[in-house]
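When you get a sec, could you build the whole thing from the sequences and use the hints?
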Amino acid sequence: MSVSRLPALRFFGPGLRRGVLGGIIGAAVGPLPVILLTTAGDDVNSAHVLALGYVGVLIGWFAGLGAFGPWLRWAAGREADHAAAVAAHGHAGDWRRYFRFTTDHKVIGTQYMLAFLALFLVAGSLAMVMRLELAQPGQLFGTDTYNTIMSTHGTLMIFVALNTIVGGLGNYFVPLMIGARDMAFPRVNALSFWFIPPALLLILLNPVFGGFDSGWTGYPPLSRQANLGEQAYLLTFITMGISSIVSAVNFLVTVARMRTTGMSWMRLPIFVWSLTVTTAIALVATSVVASALTMSLFDRILGTDFFRPTSGGDPVLYQHLFWFYSHPAVYIMAVPAFGAVLEVVPVFARKPLFAYRLAVLSFIAIGLLSFMVWAHHMFVSGMAEFFHIPIMATTELISVPTGIVFFSAIGTIWLGRLRFATPMLWVFGFVWSFLIGGITGVYLADVPTDIALTDTYFVVAHFHYTIVGGMIFGMFAGLTYWFPKFTGRMMSERLGKLHFWWFTLAFNAAFLPMFWLGFQGMRRRVADYPAELANVNLWASIAAWMIGLSMFVFIFNFIRSWARGPKAGPNPWGARTLEWQIASPPPVENFDDLPVVTAGPYEYGGRPVMPSPAIDPSGASS
Amino acid sequence: MNDRTSPRRHLLIAGAVWAVLSIVGILVVLGLQILPVIASREAVIMEHALIVLTVVSVPVLMFVVVGLAYPAIRFRAGPGDQDGPPIHGHQRLEVFWVLGTFAMVVGLFVYGSVGLLDIRGDQQAFLEVEAHAKQWEWDFEYFGAKEFHSPELVLPVGQRIHILIESKDVVHSFSVPAFGVKQDAVPGRLTQIYVTPTIVGTYGVQCAELCGLGHTRMQASVTVMEPSDFADWLAQMQAGSGG
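As you go down the protein sequences, you meet chains W and H in turn.
Per the numbering used here: the first sequence = residues -5 to 616.
Per the numbering used here: the second sequence = residues -11 to 231.
Keep in mind that the hints were calculated from the coordinates and are not lab data.
Note that the structure is a prediction, hence the values are computed from the model and not measured.
You may find that some hints are simply not true.
In silico lysine to aspartate or glutamate, EDC-like type, Cα no more than 20 Å apart, as pairs [stated by the list, open to error]:
#1 H:K122 <-> W:D308
#2 H:K156 <-> W:D299
#3 H:K122 <-> W:D138
#4 H:K156 <-> W:D308
What follows is the structure in structure tokens.
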């Protein structure tokens, strides 16, 4: 090890501590050019200081983490340091590797999972505060506070929905499921994760900069006149975009190049397929939103006029660019959940996945169609009128491949031997919620109804049914299904079921009435509403707080089971995919010898079920 | 699961349950008053579309509900049960499903397009009004013998109205829930809608696009009058402006 023997330097060796130190130094050094160039007597432009300071933080942070070392060594033409590469991978049982620039995909998956579960709780708490304001007519906080909370809740939840399954479960399980020792580019993988802590810190600090009131969509010109907090949102969103692109490349190359012998495309587990399509969408679409946000940022800090109508810019252009990414982003959230759900179904129905090829085709079709539907967010935006009809056609068309997910799930459970362990309950909850989300989506694809319903609580209810009902239910299905694999221990089924029923009932109680609020014309993103809507809003608030309370059951179960749950053994559910054929938790190198695959992943049928204490068929186990 | 019911019989029972639930569901939907106020020609078209979509949704909803509930009740594994049958798919059924959902989508699309063209209707109007949006208030400008501004929108019943919408600062949205219409106000361009109010009364105009701190309170009212009352109002306003 090249770390100096001086105790102080060892304390600040490459890692989290040096990263934080580097970030602080970067924050101080970054803005120096602006400060020095400002003529004495003038005010320093705080927008410039924030932007350059943030770039400084990123550079200092990565330098301190030790991210640049190997690349600089390579660029300088020096030989790769093999010992350092092995050290970067980490050793089994060393907890410190979770706080370093570690290259093991399982560590990175765990980092993503825990970071975004924590963010889920933070963003969820903000929703609880919003429902406090909305519980009664009249206003509790100022509109600036409400708008900032609402905007921050939306933005953070978007990050949660985009990253928890892909970054968390995807990083952890894709290499295991395709029989690989790691991702194709382990260091790039670590890079994609370590972009996230400074970005999230910045957006969490946005109240310090006056908050931002533009919502997660950040439409100009409002975003241009908003407080400095808007810039925290823009910088964070751009950083998350870069992280997403970097990670997407890694996933695609991994699936294309790292599959083990015999793992043909038609033997890929459906979850891997879902992530392949998802990351392909992310790779193509994310750069578009990143450029839209960068243009918006330039409008703010450099005085450009991309979106300023008084000097030839066009606010509607921003909306096109934004939704050209942000509608595909809905599928970046939903398709991994489809994958997780369809992965779980065969295991607990004890039947092969029904219509596997059609399901794969449907993912690909969703991926392609998702680029052709963006403007359904803009039916009342003032865009060209001829555009309404083709966009209505493509938007309704995407329900054909999406419908195949339901077809495949129901086809699998039909005539199956169902076991209602917690993951299977989440699958059922997913199908119900996403069905409501899908059906109400048709109302928003149909222009005559959309004109009346868009920008009302109907939309709020609809997208919570698709994103919570889709992504979050899929995430819980995946988390509870793979928990024994990544922890080596079983989760309590009793608490798992309590959490499922509590969460699901509260979720439906909170969001179903919001469709009715939308029919009454209650607008989104308002802090107040007419008195005649008071009772329903109070009901929705109480139900929303119940959702929040249910999460304590999950947190308790998650932590206690991880620490003290009964040992799981390698394959408690009797699943047939590769990740279940190795120890739980998996060894650092995944496989001693890379496996050879000779059959598809869902060859259930006829054989006796693998005996397991974990699954009690009566569904009443603890 | 040790019952000896044949797969065919399972399908028949589930199918019968689905048919009954769908019919009951459709009857319930047809008995509901979904929208509180329907005060324009456009809102009537919109409400019709809402009912059609809901009626079509019911069988879809029930299909999935039965598809979940029936297996949850009848296909539970018993202790020591073996795996289910190794069925990987069913080609005819898959083709039927894809074509069936595709046909539904085509139907919805055709219906939606007809409704859209119907809502747009005639691009001719009895009266033209300009709606000016700014943070955070509405202002309505009338033309004719004499131009004047009004903080509330006043319209004659039963006449086609052309509303031109513009914004002085950020994106707003002109929304009248009772008319079933909504159109963004975009700085730098003029947007428009046509609407034909059908019922005399006073309704709310609201901004439906987040426009900053005052978004919540950016509201106005629209009063729909008998044509004779409207003529009186117009004359009174024209006399009052800069008179």
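Evaluation of the provided hints:
1. For a cut-off of 20 Å, the pair hint linking H:K122 to W:D308 stands: about 18 Å separates their Cα positions.
2. Distance hint between H:K156 and W:D299 is fulfilled; the C-alpha atoms sit about 17 Å from each other, no more than 20 Å.
3. Among the hinted pairs, H:K122 with W:D138 is consistent with the structure: their alpha-carbon atoms are about 18 Å apart, no more than 20 Å.
4. A C-alpha spacing of about 14 Å is found between H:K156 and W:D308, which places the hinted pair at or below 20 Å, so the restraint holds.
Taken one by one, the earlier hints all hold for this structure without exception.
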